[in-house]
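Using the sequences provided together with the hints, build the complete structure.
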Amino acid sequence: MVEKEKIEVEIRSERIIPIFRGELPSTHQIAVTFQPVGVPIPRTIWILAEDVFKEETYKFLVEHREKNGPLFDKWVEFRAAKIREDIEKQRVFKPEKVSV
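Okay, so the sequence shown: first residue is 706 according to our numbering, each after it adds one.
Errors might be hidden in some of the hints.
Per label pair, the in silico range of CB-to-CB distance [unchecked claim]:
{"#": "1", "residue 1": "773", "residue 2": "728", "range": "47 to 57 Å"}
{"#": "2", "residue 1": "782", "residue 2": "734", "range": "17 to 27 Å"}
{"#": "3", "residue 1": "790", "residue 2": "733", "range": "15 to 25 Å"}
{"#": "4", "residue 1": "764", "residue 2": "733", "range": "21 to 31 Å"}
{"#": "5", "residue 1": "734", "residue 2": "773", "range": "19 to 29 Å"}
{"#": "6", "residue 1": "749", "residue 2": "790", "range": "18 to 28 Å"}
{"#": "7", "residue 1": "752", "residue 2": "773", "range": "31 to 41 Å"}
It should be emphasised that the hints constitute simulated quantities derived from the structure, not laboratory data.
Bear in mind the structure is a predicted one, so any value in this text is a computation, not a measurement.
Backbone N, C-alpha and C fix where the C-beta goes; we use that ideal spot for every residue, glycine too.
Structure representation (structure tokens):
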């Protein structure tokens, strides 16, 4: 059974904004860095940009440690659409200022 857990997701790709503007094809891959609570080292994975428009769910087996306890494997998951939601909240789509 997959234990659902809140995962901090950070987009690390200069290509993400052009992809969302439609300037690059959605078949480009974007790097997603995530660090579930209790996981000592952040992980970076690559997903297709078009997946953030779908309800794709990614599942990972990660080493987990609670406070000073032993390491054990744990399944975590996140929705790719959450990336899109986070980008929209950050108002990435602000119109650019154009000086004439």
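Hints, one by one, checked against the model:
The beta-carbon spacing between residue 773 and residue 728, approximately 48 Å, falls within the hinted interval of 47 to 57 Å. For the pair residue 782 and residue 734, the supplied restraint of 17 to 27 Å holds, since their beta-carbon distance comes to about 19 Å. The hinted range of 15 to 25 Å is satisfied by residue 790 and residue 733, whose Cβ atoms lie roughly 20 Å apart. In this structure the hint that residue 764 and residue 733 lie 21 to 31 Å apart at CB holds, the actual value being about 23 Å.
Restraint check, residue 734 to residue 773: a C-beta distance of roughly 37 Å breaks the suggested window 19 to 29 Å. The hint said 18 to 28 Å for the Cβ distance between residue 749 and residue 790, and at roughly 20 Å that hint holds. Evaluation of the 31 to 41 Å hint for residue 752 and residue 773 yields a pass: the beta carbon distance comes to about 33 Å.
Checked against the numbered hints given earlier, this structure breaks only hint 5.
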